[in-house]
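S.K.: Spelled out from the first residue to the last, the chains are:
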Amino acid sequence: MHENTQGLRWLKATAYNVLAVGLGILAGLVVVAYAGGNVEVALSSLFLDPLSSSGGIQQIFILFVMFYSMGLGIGLALKAGLWNIGAQGQLLAGMVMVFVVYLYLAFLPWPVLYVAMILGAALGGLLWIAIPTILRVKFGANEIVVTILLNVVAVNFGFYMLAGPIKSPGTALGFPITTVLPARFQIPNIIGNVPITYAVPATIAIGVILYFLVERTPFRVKADTVGESPETARYAGISIPRVMTITMLTAGALAGLAGATYMMGYRYELDIGSFSTNYGLVAIIVALVGRKHMLGIGISAFFFAYIAYGAEAMALAVNVPTYVVFAMEGVMMIGILMSAYFERRGAI
Amino acid sequence: MTVPLSDIATAVLATTFQLSPFYLFAGMGEIVSEKSGVANMGLEGIMLMSLVLTFIVDYATGNPWIALLAAMAVAGAIGLVFAFFALRVRMDQIALGLAIYLFGLGFSFIVFNTAYPSGLFPNYVALPPIYSGWGTVPYFGTIFLQLDVMAYVSIALVVLTAIFLNRTSLGLRVRAVGENPKAADNMGVNVNKVRLFAILFGAVMFGVAGSYFAGNFVPGFQTNIIAGRGFIVLAMIYFANWKPYRALFAALSFNLVYALQNEYISIAGSTVASVSTLFNMLPYVFLLALIPVFGRKARAPKFLLKPYRKG
Numbered sequence: 001m002h003e004n005t006q007g008l009r010w011l012k013a014t015a016y017n018v019l020a021v022g023l024g025i026l027a028g029l030v031v032v033a034y035a036g037g038n039v040e041v042a043l044s045s046l047f048l049d050p051l052s053s054s055g056g057i058q059q060i061f062i063l064f065v066m067f068y069s070m071g072l073g074i075g076l077a078l079k080a081g082l083w084n085i086g087a088q089g090q091l092l093a094g095m096v097m098v099f100v101v102y103l104y105l106a107f108l109p110w111p112v113l114y115v116a117m118i119l120g121a122a123l124g125g126l127l128w129i130a131i132p133t134i135l136r137v138k139f140g141a142n143e144i145v146v147t148i149l150l151n152v153v154a155v156n157f158g159f160y161m162l163a164g165p166i167k168s169p170g171t172a173l174g175f176p177i178t179t180v181l182p183a184r185f186q187i188p189n190i191i192g193n194v195p196i197t198y199a200v201p202a203t204i205a206i207g208v209i210l211y212f213l214v215e216r217t218p219f220r221v222k223a224d225t226v227g228e229s230p231e232t233a234r235y236a237g238i239s240i241p242r243v244m245t246i247t248m249l250t251a252g253a254l255a256g257l258a259g260a261t262y263m264m265g266y267r268y269e270l271d272i273g274s275f276s277t278n279y280g281l282v283a284i285i286v287a288l289v290g291r292k293h294m295l296g297i298g299i300s301a302f303f304f305a306y307i308a309y310g311a312e313a314m315a316l317a318v319n320v321p322t323y324v325v326f327a328m329e330g331v332m333m334i335g336i337l338m339s340a341y342f343e344r345r346g347a348i
Numbered sequence: 001m002t003v004p005l006s007d008i009a010t011a012v013l014a015t016t017f018q019l020s021p022f023y024l025f026a027g028m029g030e031i032v033s034e035k036s037g038v039a040n041m042g043l044e045g046i047m048l049m050s051l052v053l054t055f056i057v058d059y060a061t062g063n064p065w066i067a068l069l070a071a072m073a074v075a076g077a078i079g080l081v082f083a084f085f086a087l088r089v090r091m092d093q094i095a096l097g098l099a100i101y102l103f104g105l106g107f108s109f110i111v112f113n114t115a116y117p118s119g120l121f122p123n124y125v126a127l128p129p130i131y132s133g134w135g136t137v138p139y140f141g142t143i144f145l146q147l148d149v150m151a152y153v154s155i156a157l158v159v160l161t162a163i164f165l166n167r168t169s170l171g172l173r174v175r176a177v178g179e180n181p182k183a184a185d186n187m188g189v190n191v192n193k194v195r196l197f198a199i200l201f202g203a204v205m206f207g208v209a210g211s212y213f214a215g216n217f218v219p220g221f222q223t224n225i226i227a228g229r230g231f232i233v234l235a236m237i238y239f240a241n242w243k244p245y246r247a248l249f250a251a252l253s254f255n256l257v258y259a260l261q262n263e264y265i266s267i268a269g270s271t272v273a274s275v276s277t278l279f280n281m282l283p284y285v286f287l288l289a290l291i292p293v294f295g296r297k298a299r300a301p302k303f304l305l306k307p308y309r310k311g
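If you're matching them up, the sequences are chains V and E in order.
Numbering follows this note's numbering, with no gaps: position 110 of the first sequence is 110.
Numbering follows this note's numbering, with no gaps: position 75 of the second sequence is 75.
Looking at chain E on its own, in the form it has when it is part of the complex (with noise of 0.2 Å):
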């Protein structure tokens, strides 16, 4: 039996169109804190955690904007947190993220499993697709009308950050004090406060990331479900070298090898079975193979990863 070739390619593109946001919203908000000197590598963390409450608080009241409030709610405290240490303390922000993934890896599932001991939880209820009566529109349909509005309001915060970042007077006080917060606070720029908001900016981002994971990608959590789908975002955002027009483009690229292997074992079924890992590397692969390309431009902003302090 053969598949036309353009059901394949559409599911292909649909599969690409449904996974992309949750790189776009992470990516994004990876990007505003990035750009103010301050790296996030806990947002895996923080996304299991909204994950989590995601599914939690969805099943309790069965609606999913309630749910991903819940999750923007954790997400903004955890970036709290994350502020005061990366900000007051001053600490290592490396160090900080990993424990800050090591904490959600261990928390979330703890929640969960104090939750529902059972295993047995209720049904997930998602956001409906954006047009009801997607099925009766031929390609187009399935590949774009499926998609939940917050596919769309990714693609919008995709060009809103870009304006963000090159065209008000805070994205500029952003990028300052990322470059060189000791001008910055000069011209009467409160670094740490424009931090702050881009840290909890960021935190909150990862939080909509999270809560569109448990609507896209899984019905239901499992320990560590992310499975470094997180971490990849700061690989993405650096060969976007942190301009959100690319990072566009990297997510879409990345998750369109994604899919395209993804259909290939599909198809192929059993005759690749014993392979088929090797052809799951190939996503990661092809982000590795950018480096020499695109990596040799990128150019991280001038403070990353160095704390301020006045004076």
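With the rest of the complex left out, here is chain V (with noise of 0.2 Å):
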């Protein structure tokens, strides 16, 4: 293939991929008219609002950050064949050990405690996927099914632990919520009163890594084989258990950073409410929208998040429930892959 030819199929499947947005945006904005809502304020509201206030921005970035770090991880795995449907659960794990760490290793000086509350997220992560891991390797046994599994348990676990171990003692009525991480436990704006953190330059470069360190490298062949002919890689001396061990324990650890991000850069407290968030579903509409490329994936990640946020201020602005901001993803994600087959068509 030229690299023109290739270039212009990008552009087309870019452009169905807008489109494809476009109808899940439609779609919202029927959702709206039928709710009740006006229509016009939703719309100027969904894509002005993020732009316009300091939260906005705010929410912005920390989602892109989020979103980011989570599809890296899920598209990881995809391209060894393996689907983590449980990158909410790894989440939970990475807000969780935040204020473990925090809490059970606050003998060690500040920078250190400080680096070991990341590095902890990460391990929480880590170990939150390992149970699927082993299953898959040792077992055999359906990572999708035990993964949609421990998001449940993650839930059930997280609520344990906020009503207890890590429960802030000073709550009135015995309110699970854990103490608010003081200013220097917190990750610091770039740019003064800029609501943009160090954690996105940081996952940028995470992304560049891995970019340079999958695509770049024969690593990627090895976990392509392993997951679209797993006989091929055999034959290959391909070793498929290390290559799945390797990817899904990437993924759990880089969904679990992304639950410090949230908790040291945006929440700063863990409560019941960010138990209930969907962000580990929505990562993999990202993963797949940026096609497993570990570069494309951001360009998705913050699409999404722009997104996310602004049909959440949409749906505040025309007194809709927020809840429709799902519904528009779900309209969006079939859309999307809509495009995939136009484009496997050869209609584009």
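Keep in mind that the hints were calculated from the coordinates and are not lab data.
It is possible that some hints are incorrect.
[Unchecked claim] The calculated lysine-lysine pairs, modelled on DSBU-like cross-linking and capped at a C-alpha distance of 30 Å, are:
(1) V:K12 to E:K310
(2) E:K182 to E:K297
(3) E:K193 to E:K182
(4) E:K182 to E:K310
(5) E:K302 to E:K193
(6) V:K138 to E:K243
(7) E:K306 to E:K182
(8) V:K138 to E:K302
(9) E:K297 to E:K243
(10) E:K243 to E:K182
(11) V:K12 to E:K306
(12) E:K297 to V:K138
(13) E:K310 to E:K243
(14) E:K193 to E:K310
(15) E:K193 to E:K243
(16) E:K302 to E:K182
(17) E:K243 to E:K306
(18) E:K306 to V:K138
As the structure is a computational prediction, the values presented were derived from the model and not from experiment.
Hey, can you piece these two chains together into the complex? The hints should help.
M.R.: In structure tokens form, the structure reads like this:
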């Protein structure tokens, strides 16, 4: 394939993806109209609200960091043919671990504890995905089923931790919430009051490093071979368990890191509200839309962060439940999968 | 105050048998669907939509049977959409399922909120117990006669699904297109038509499950009310190795563990309040623990998740 035709195909595929997103937005507006909201106000707040407030910019960038980090891991595992549906559970494990380390290793001096909290979150996600990884590699158990199960377990486990081991002693009526992380344990902004933290360049750096490690080395061929044809991989002498273990554990650690950025870079305290998010599932869409490409996932993560916040702002502006966001994301996802179909058929 | 052991056992068994049918309807639907080679991971989204419709129609008509039909209809309609994208467009089934789930999760709440913006809704009219005098029959009455008729239908469905898959020619075709669609096609089986049937059967059963949820789990709608129970069905049929009777066993034992910890927490009360959420994990941990035992032998239909293209 020539460079030019490839560029053209990419452009056309992008055009179809934009169309698919438009379809999702249209569906969202139909839902808004159905729920009795003002469509004009909805449309303008969907696109403009994210840019017009510093709170909007802050949320977009924190969502971007989380989607990118989790999406990278999901995309990596997908290259090896493994579905990590459990990023949500690994994310929760990461969030919980931030406070476990903060409270139980409090004797460490500040910079060491700070780093330990971040690494602890990564370790939490890694341990959480180690269960499906071991069951898959040692017992051949389906990783989709196990990661789904562990998402439910993670929520219950998080409730338990919040109710006791990491609960703030100071709350009235035993309300399950942690203490607020003091300023020196928060991830600082890069420039003064602009609410973009160091987590943003750090995550992009991880994405670029993974790009070079994964897309530009023989590892890519290994992972792709394991994913597409385990038989061939076996003949080629590629260790399938090794590739599976590396990709899965990396995915878990990255999702755990996303939990650290969410807690240390945005929420600063953990409560039940953080358990009922659906970021881990949206990250699967992010990875698929980014075509499992370590840099493509970044673009797709930013885009979904913008839409997710915009749709929430839209819902609030026209007094429609914010759950409309999920309905829109569902339609967008189907639209984006459609564009892959047209591409395959050579229609574009 | 001590509670007699016989009362505890009765309560545990009553809960087990009341909750299991939800998993059986959904499980049989997913087994037939997956046997044909199509995994529907959007089942929880379909359940949420049919659950919402059950409530709205039930509140409006006061008739749970009409509500059940409405739930089956909307589930079938979503099944048709799923089938179009899975069979014609040959979309990735996992991604498609998650999209349907997200859509159902969001839209079900919008529908309910639009119908009852105040958050106030009428009383839910449930199906009656199968024997109205169940209270007069000790133990047996509480465990079995208090159930509604759909609970008994769910047991019959398990038997019928087993017979259907193993003893009928359509059942044979369902298995054939999941195991080796090419060979089935060569023998004159219309692969996608059989898969369409299996997907629709599955979706309608998710609708029945959603409707059963309304009568036996919660009397009113909340966001994300099914809370992953639909996804658990995927795990159950995996442990059951896609066999209906084993799925019955999986559903009953899962709910037995659930009922035991539930009963324990309610008896022990405040003394275990701080660790009650750990007990809530038990049913899921129980399923996980079964994996090394049963998961090793589990063998999915060979062409599960793989779209078929003629020629």
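S.K.: Please write out, lowest number first, the hints stated earlier that are contradicted by the structure.
M.R.: When the structure is compared with the hints, none of them turns out to be violated.
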